[in-house]
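Remember, the working numbering sits 92 above the position in the sequence shown when you count from 1.
There could be a bad hint or two in this list.
[As the list claims (entries may be wrong)] Mimicking DSSO-like on lysine-lysine, the simulated pairs with C-alpha atoms at most 27 Å apart in a straight line are:
hint, residue 1, residue 2
1, Lys113, Lys169
2, Lys113, Lys151
3, Lys151, Lys94
4, Lys94, Lys111
5, Lys111, Lys151
6, Lys162, Lys111
7, Lys110, Lys162
8, Lys142, Lys162
9, Lys94, Lys162
10, Lys142, Lys110
11, Lys169, Lys151
12, Lys94, Lys110
13, Lys113, Lys142
14, Lys162, Lys113
15, Lys162, Lys151
16, Lys169, Lys142
17, Lys142, Lys111
18, Lys113, Lys94
19, Lys111, Lys169
20, Lys110, Lys169
21, Lys151, Lys110
22, Lys142, Lys94
Because the hints were derived from the structure by calculation, they are not lab data.
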Amino acid sequence: MKTSSNMAYLVANAAADKKAKDIRILNVDGLSSIADYFVVCSGGSDVQVKAIAEEIEHKMEEEGIQVTHKEGHQFGKWILLDYGNVIAHIFYEEEREFYGIERLWADAQEIVF
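Please model the entire structure based on the sequences and the hints provided.
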């Protein structure tokens, strides 16, 4: 069984494989009851956002980890992949700036990736 931290790094590495921009791992353990980590990243187009999400799903499946819930794939502006203790947020760049998820979780410890 992978730890939440290991899973967060798997997600971040998969995003990096598809050239995701500004990848951040936020430790929200103790701040959120829904997850231990958020992995936040951006793509430069809806096609890239979808490709990043698909790569994350593929790499996680290779590790035997299934997504429990996903949203936003049809539009490619903000895709959420829920892996239980780790949630991936893949944004189109302008959407990320608009929603400011990092500002919402400013108290979270940011892990350098």
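Now for the hints, and whether the structure bears them out:
Pair hint lysine 113 plus lysine 169 holds up; C-alpha atoms about 14 Å apart against a cutoff of 27 Å. Using a Cα cut-off of 27 Å, the hinted pair lysine 113 and lysine 151 holds, with the two alpha carbons roughly 18 Å apart. Distance restraint check for lysine 151 and lysine 94: the Cα-Cα separation of roughly 13 Å lies within the 27 Å cut-off, and the hinted pair is therefore satisfied. Between lysine 94 and lysine 111, the direct Cα distance comes to roughly 24 Å. Compliance with the 27 Å bound is thereby established for this hinted pair.
A C-alpha spacing of about 15 Å is found between lysine 111 and lysine 151, which places the hinted pair at or below 27 Å, so the restraint holds. Under the criterion of a C-alpha separation no larger than 27 Å, the hint pairing lysine 162 with lysine 111 is consistent with the structure, at around 21 Å. The hinted pair formed by lysine 110 and lysine 162 meets the criterion: a straight-line CA distance of about 19 Å does not exceed 27 Å. Distance hint between lysine 142 and lysine 162 is fulfilled; the C-alpha atoms sit about 12 Å from each other, no more than 27 Å.
Note on lysine 94 and lysine 162: the hinted pairing holds, with a Cα-Cα distance of about 20 Å set against a maximum of 27 Å. Restraint check for lysine 142 and lysine 110: the C-alpha separation of about 10 Å stays at or below 27 Å, so the hint holds. For the proposed pair lysine 169 and lysine 151, the alpha carbon gap of about 21 Å is at most 27 Å, so the pair holds. A hinted pair counts as satisfied when its Cα atoms are at most 27 Å apart, and lysine 94 with lysine 110 qualifies at roughly 23 Å.
A threshold of 27 Å between alpha carbons decides the hint, and for lysine 113 with lysine 142 the separation of about 14 Å falls inside it, so the pair holds. Between lysine 162 and lysine 113 the alpha-carbon distance is near 21 Å, which keeps this suggested pair within the 27 Å criterion. Note on lysine 162 and lysine 151: the hinted pairing holds, with a Cα-Cα distance of about 15 Å set against a maximum of 27 Å. Of the pairs offered as hints, the one joining lysine 169 and lysine 142 holds, with about 9 Å between alpha carbons and a cut-off of 27 Å not exceeded.
For the proposed pair lysine 142 and lysine 111, the alpha carbon gap of about 12 Å is at most 27 Å, so the pair holds. Of the supplied pair hints, the one linking lysine 113 and lysine 94 holds, its CA atoms being roughly 25 Å apart against a limit of 27 Å. As the CA atoms of lysine 111 and lysine 169 are separated by approximately 16 Å, the hinted pair is consistent with the 27 Å bound. Of the pairs offered as hints, the one joining lysine 110 and lysine 169 holds, with about 16 Å between alpha carbons and a cut-off of 27 Å not exceeded.
Note on lysine 151 and lysine 110: the hinted pairing holds, with a Cα-Cα distance of about 12 Å set against a maximum of 27 Å. Restraint check for lysine 142 and lysine 94: satisfied, since their Cα atoms lie roughly 25 Å apart, inside the 27 Å limit.
Checked against the numbered hints given earlier, the structure satisfies every one of them.
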